[in-house]
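Enquirer: Those protein sequences? They're chains A and B, same order as listed.
The first sequence runs 1 to 180 under my numbering.
The second sequence runs 1 to 629 under my numbering.
Calculated from the structure, these hints are not laboratory results.
Some hints here could point you the wrong way.
[What the hints assert, rightly or not] Under the rule of at most 16 Å between Cα atoms (straight-line distance), these lysine to aspartate or glutamate pairs were calculated in the EDC-like manner:
#1 A:Lys166 with A:Asp64
#2 B:Lys497 with A:Asp64
#3 B:Lys20 with B:Asp73
#4 B:Lys20 with A:Asp179
#5 B:Lys497 with B:Glu32
#6 B:Lys430 with B:Asp128
In case you want the letters, here they are:
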Amino acid sequence: MYNGSPSKIVCSAMPLGWQSGTDLTANISLIDDAADMRRSWNGRIRNFADPAFRLYRVEISSGDGEYMTPALTRLMPGDEFDIVFDADFEDFIVTGATTRTLIRNPHPGSIRVKNLGWDDVPFSVAGRVVTLSSAAATPVRISYRPVLQVAVTEPVKWTERASDRKVSWSLVTEEVGSDG
Amino acid sequence: MYYLSFLNSHDQAFDPVAHKENAFFGLHCDFEEREVGEVIVPFFTPTIQNPGIAWLASQPSRYAVLSEQAEYDVTPVQLARGRLSALPTELAGDDCQLEFTCVPPDEDAVLRAAANVLRIGEVAYDPDADPEDREAPEAYDPLFYSPEADDDPGNALAGTMDVWRWNRLTLVPERVHLINGRVQHVIAGLTAGTYRSERLSIKNPPKAVSRLRLISSWTQSASGDQPTEFLGTREIDSYNYKDFIENLPQAGTAIGSSTGWTIADAKVKSVETLMAQTFSGGAFASLFGATNHKIKMQPKRVTVGMRAHYEYSQEREEIIDLYMSAGVQSVLDDDKIETVDQITLSSLTLDVTTKEWLYEDPDTLEVLHYLVGDRRQANGRVWLCTFEHDATETFTANHFDETGEVAQNLWVKTAKRAAIDTATSRFADKNRGIRAVRHGLRRLHRIVQRRARAAEVTFEVPWKVGRFITCADECRVENRRWPGGELVGKVIGVQLKMEGSSRTAIITLGVSVGTGTAPVEPTEDQQETAGIVYDVTAPAVNNPVNAETLDSQGPRILVVENEADEQERFARAAAESDGDPVAAIAANPTRLRIFYEPLRQEDLITRRISVHTQPILVRKGINLSPEIA
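This is chain B alone, in the form it adopts within the complex (with noise of 0.2 Å):
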């Protein structure tokens, strides 16, 4: 006996008594759960007799319960619950079919809230932790998503070996495995399935190695002023020191020509007067024609503040191939390589977890409202919100009151979270990109998983056994018409039909096709992640600057020509030689020569990098070449 009861919201709980009973007079029904992409949404279809002009109305909700009290049955059980979604789905004669989906009120965003749990931004992240620390960032990893992830919960489980189900009784979203189920039912014996009901076909397995290509770019950039003065503590002597201060470089002056480098900014520190120097006995000169003369020349010591500022950037790209073995037993005779899919990364040095600011909801034109503590995104920088507040129509980071003021702060910057530092060379080889490597990893993983499940097993089963299955459970059947007589499989399709005195459970089993064999222990080289052992290989980075140490870098070559010492040699040889002092001196004025190691650009600096995994481990649910005894 079959009851469909309505009920006063969608979790009431089941109640044997009360809901024992029919709101319309049913014909027959029809019950569906079924894994198709990310999420498993069960669903009910009675077929009822044309309730006619009083229609459906009077119900408490739009949500319904399915029981059932079948002969071995004492009190009703409950079969499935679900919201009346299509009124009717058809209508033909009296015939009416109504459809139920198994789902809460608001469902979208339930499932939202139970994927966002599992989004992990950029966090600490050590690859050698212990698995259960490493677990959550390496199932998720905010590179390979947008900024928007969150609108789709079903990609929130691509890194793991899971999909969401809504459970049919309790109308509460988990996840299922795609390999293993929670139960497993022994199909044999007494629940033996019916004759002629089984199928077994075999889909298109995983090909002895599968590809998953990660192209990361990024700019490696650096910019900005040496913290220390280069000519710091190093003083200067000089005779043209006014013409020296003069033509000290401006801000802004390249240093070289297209190195990279310039002055950030130069100064005079200090200029001391040092001991005046008589020069006498030459020949030169004199404006009143006196002989035997003397010139006194006045050095002095100038003391420079100067520093250098550097501007490199250079596009860096890194392709990781991810190559999977899969232990499978050998379906296809082909050894080819297949690519099953190729992610660009989101930009490395890009804050890509920080949504954009926004005024109002793009959906429903509501406008935003900010609670302390929200990071957006807004002017090309990151701002944390200090003052809970309905969204301003344009960006501001204050509210200012009629005299300018500030009112009330809303907004402070704060440090955007990228994946890596802009200055940073390399990726694959950083914790932060053997996180991304590992996530790779477990998508490989997934989609090989998957495919895996290459037989594909259809039989029904009693209906007491039957009726209680779901796709979260898996099944071990016996049945001497298939190779080994025995196969295990994950459920990945119930149906239930009602239909008449008949009932009438079809299942579907997802079967890997595996070896069952474990990948050995790894070794100090190899690297493991959700059970997959592999080796990196990766070459040399290719670093022309060593953007990260620019700030320290001093120039190569410093040298002042023409100190005050050396002036007064050639001044004190040209008085000995009947020259002229002072144009000597002018003829060697003091200079600086600086060079700094030009910063090498070019155009793009490609590195690739190839990950091998052992054979992963693969379920053995079929034997496809069993011994005959």
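Bound-form chain A, shown alone (with noise of 0.2 Å):
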């Protein structure tokens, strides 16, 4: 949260503020190369991609209501660092079960935990574990936010209007994944 911005990113390395972040869509996916879709001779469908590769690409783009840019002229393409964007990742637990672990380390007090009637339900975290306090009675789902560890994969650009101070951004990141 900072100062003037309504949008929730949590980014030391783009720190957004007054005006900045008021109109903010992201837009989530996972990176191509997680999949790699074959069907043997069968006609039985294969995913042959590494499971490595199962990565998220992020675009955060504005819209309408922005009116300056966040301080992105440091951002290089390859520049990595951690971002909670504005979104939710949802998971859940079914009937039966307590616990979940999370695919991403969620961002602390970002966890909900509610019932199918909206109703919030006891739990405790430990890392990406979410463990409830007593077995779900029906599923339950779980709304975070994640921390992602990116980097910068498209050159930034942006566009500023000078007679309205209307401005247009866009920042297109993907997860790093890991060394091995």
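Since each chain sits alone in its own frame, please combine them into the complex, following the hints.
Expert: Okay, here's the thing in structure tokens:
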């Protein structure tokens, strides 16, 4: 949370501020390499891709309500940083189960656990593991904002219209992945 | 996750913890092993980020290990290890391609040593021994090689069904069968290949009958002095003994003309005086005008020792045609006989397994060092080293000191190891020849079996299966798009591509198109080697001279004319008819007539032998005429 910005993005490499982050859209997808789909000669489909490539691509772009760009000038392709963006990852716990390991680290305090009736369900968190106080009676929804380690993958660009100080910008990042 | 980590030495054990690291920023990597020629050399070519000015410095060795921890691996597993060969293969901007070959540091020497174990020289060979005892000498026959054969390790397996392969994990050479794999991978169901990756093409299968011609030629020769005297015990009584002794043939005198026989030596062993005879009554002239005079003449008994020398040589040639019919399905409607090769065997009567003596290594120019027991040929003889030494500048059997005394004996003469004795008139049906014929059949078998892998099949398999398939294995593949829906073949190529998230394993099989019918058990007239049943048709040997028995061959005619008894009769007859007994004896001198059977030499005696096999067993890897149910 930054002063003057309604966005909940947490990213020290790209501080938002007054009049920036007022109208942002996060576009989330798995990278293309996550899928290398082939069918066996019997027709069975398979993913030949290495699971290490199951990584997210996040594009943050501005809308009409944006008046200032964040500090984008220092973000160069390849720069790596952590980001908590303003969008939820959803997960669930099936009936009868009590724990779930999230696929990414949750941003502290961003986890909400609710049942189908949208009532809070008591839980505790240790790292990525969410544990309910008692086994789920109905399917339980987990919403959280993940901390992603990303790198800038496309050159940053922004447009600023001088007459009415309208800006538009976008930032494309992908998860860094591991060295093995 | 792939890891490319450098090793301290080529045989350092793989450590799943320490080697789970990347020496470079790897971009992609291809691995390949393929049966080409006689040695399978696997290699991998990782493309890395250009290491820049730091270059590839400070690696503990040139050996690296490529490993992987896939989602189903608990710890990393080794895929291959190898030596960084080209430095780099290609450098394109930020991409730098390296090439690693899966061989140990001194791969030539290692492979040569492994091959030399198989090189069996001239050994006692029994064609009727157990197949296990015959295996090694039939699989290798020095007559098919030059004395420098060990320069090329690949040729040592020409009489087997194997090729060499460097094990990509241990870097040890191993023998890999051409037809049968060590492990059978089943490519069906969960492990089925990728749709539209499959290719089947029919290459050139063997013709109905394949022929290999072996040409062996040698000079049959025999020369020597007969050990026994042909007149050893014969006593010759003669009046003109003096003349007889003086005119004894000299050593070297030809017996007859161009018969091949000469006198080796002739000597008088003893002369014994016999009783003198008195001749009278004749009116022969007297110096002093006397009448009724008598003449006394003295015969002597001579024992002569005489030995013959023979000199015989005959050019001989045996042409052995090996015909092999293969039990293959009818791929080609073609009944031709195809000659696959013609091999001229090394000289049968020379030592082809012993190397020439050399002063220095022709490649490195290092002076050679000889050990006790080394055999070498020099000056046309075979020598055995008796004292460890560095090679002398020119070949000498002894070291001499300043006074000319022998200081140290270095070499002693030893018997040559030739395939057959020089006096032999036939080859193919002797034990040694049977070995050569069987080796030839095995060579032909290899050629035919390799050609019979005529269906070449390529397909892509899931990584989990494909990454451990090697050229030592075979695959059984089910695919309803192929004739019969199923085939079995030997892996002849493996290609692993690691690029981005995509992991591709492409396998190539050589599928035999045989009928799978085994030859029937050999009958009594038939012979068998390595599962090949064959008949030999050999004409009788044209043998004008039996060279092996010349030592004991006596003269065909041995006559002593006009011995003393006969001379006496002539003398007495002359005396009685007023003739001159002395002149009568002089007119009938004792003579020796010897005649040996001539050693008839012909231009070239050629003998043609043909060997026909039963249709050999060729694996039925694919059914090209399936029954449709």
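Enquirer: Could you run down the list of hints and mark each one as holding or not?
Expert: Comparing the hints with the structure gives:
1. For a cut-off of 16 Å, the pair hint linking lysine 166 of chain A to aspartate 64 of chain A stands: about 8 Å separates their Cα positions.
2. A distance of roughly 47 Å separates the Cα atoms of lysine 497 of chain B and aspartate 64 of chain A; the hinted pair therefore is violated under the 16 Å criterion.
3. As the CA atoms of lysine 20 of chain B and aspartate 73 of chain B are separated by approximately 13 Å, the hinted pair is consistent with the 16 Å bound.
4. Simply put, lysine 20 of chain B and aspartate 179 of chain A have alpha-carbon atoms about 10 Å apart, close enough for the 16 Å limit, and the pair holds.
5. Of the supplied pair hints, the one linking lysine 497 of chain B and glutamate 32 of chain B holds, its CA atoms being roughly 9 Å apart against a limit of 16 Å.
6. Annotation: proposed proximity of lysine 430 of chain B to aspartate 128 of chain B holds, straight-line Cα distance about 12 Å (limit 16 Å).
The earlier numbered hint that this structure contradicts is number 2, and it is the only one.
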